[in-house]
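*Asks:* Sequence:
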Amino acid sequence: MHTTMISCSLCSETVDRDIIDIHTGENCPKRIVTCDFCEFPLPAIDLAEHQEVCGNRTELCHLCNKYVRLRERYNHEAGCNGIQDSTVGSSRNVRETERNEGVPRRQPRNEYSTKRLLFSIAVTGGIAVILGSMFLQKKTDPSEMH
1 MHTTMISCSL CSETVDRDII DIHTGENCPK RIVTCDFCEF PLPAIDLAEH
51 QEVCGNRTEL CHLCNKYVRL RERYNHEAGC NGIQDSTVGS SRNVRETERN
101 EGVPRRQPRN EYSTKRLLFS IAVTGGIAVI LGSMFLQKKT DPSEMH
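Everything in the sequence shown is counted per the UniProt record's numbering, starting at 1 for the first residue and increasing by one.
These are computed hints drawn from the structure, not numbers from a lab. Just so you know, not all the hints are guaranteed correct.
Said to hold, decoys possible - Okay, derived cross-link-like pairs now, DMTMM-like style, lysine to aspartate or glutamate, Cα gap no bigger than 20 Å in a straight line: (1) Lys30 x Asp46; (2) Lys30 x Glu52; (3) Lys30 x Glu13; (4) Lys30 x Glu49; (5) Lys66 x Glu49; (6) Lys30 x Asp16.
As the list claims (entries may be wrong) - Derived CB-CB ranges, DEER-like: (7) Ile19 x Leu60: 42 to 50 Å; (8) Thr4 x Ile32: 24 to 32 Å; (9) Ser12 x Cys80: 45 to 53 Å.
Note that beta-carbon positions come from the ideal geometry of N, C-alpha and C, so glycine has one too.
With the sequences and hints as input, model every part of the structure.
*Replies:* Printed below as a string of structure tokens:
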């Protein structure tokens with residue numbers, strides 16, 4: 001018995017005529033499939049890369065008001081009870097928690113940084129150099145005047 005080989009119209013692979021329907025419907029890398037997350041049609045060969053990016057997009061869960069990755073949406077919806085969980089949250093929640101717990105914040109600039117800036121700007125302007133130097137002069141305490 002002799003089998004007839006034909007070329008796939010999508011990927012040009014040579015396939016047995018008896019299984020061409022299976023090839024084009026299930027195995028062909030160029031067959032069109034849809035993304036599980038956005039339902040965008042694309043070639044099967046590109047699906048994994050597309051879903052890697054697409055699945056990392058987030059949508060707001062209207063039950064608990066949290067952003068959930070699309071790849072985690074179904075599991076989240078199955079277990080979501082509409083109560084905000086304080087153990088996992090958006091970065092906005094984390095920052096607010098850090099503020100409330102007294103996490104060290106960036107220290108305010110010292111008193112000379114603004115003066116140095118004024119001096120740097122004044123250097124470019126001839127007579128303004130004199131003005132800049134006056135700003136940088138340290139005020140003398142009246143008790144040190146002796």
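*Asks:* So which hints don't hold here, by number, going up?
*Replies:* Hint 5 contradicted; others consistent.
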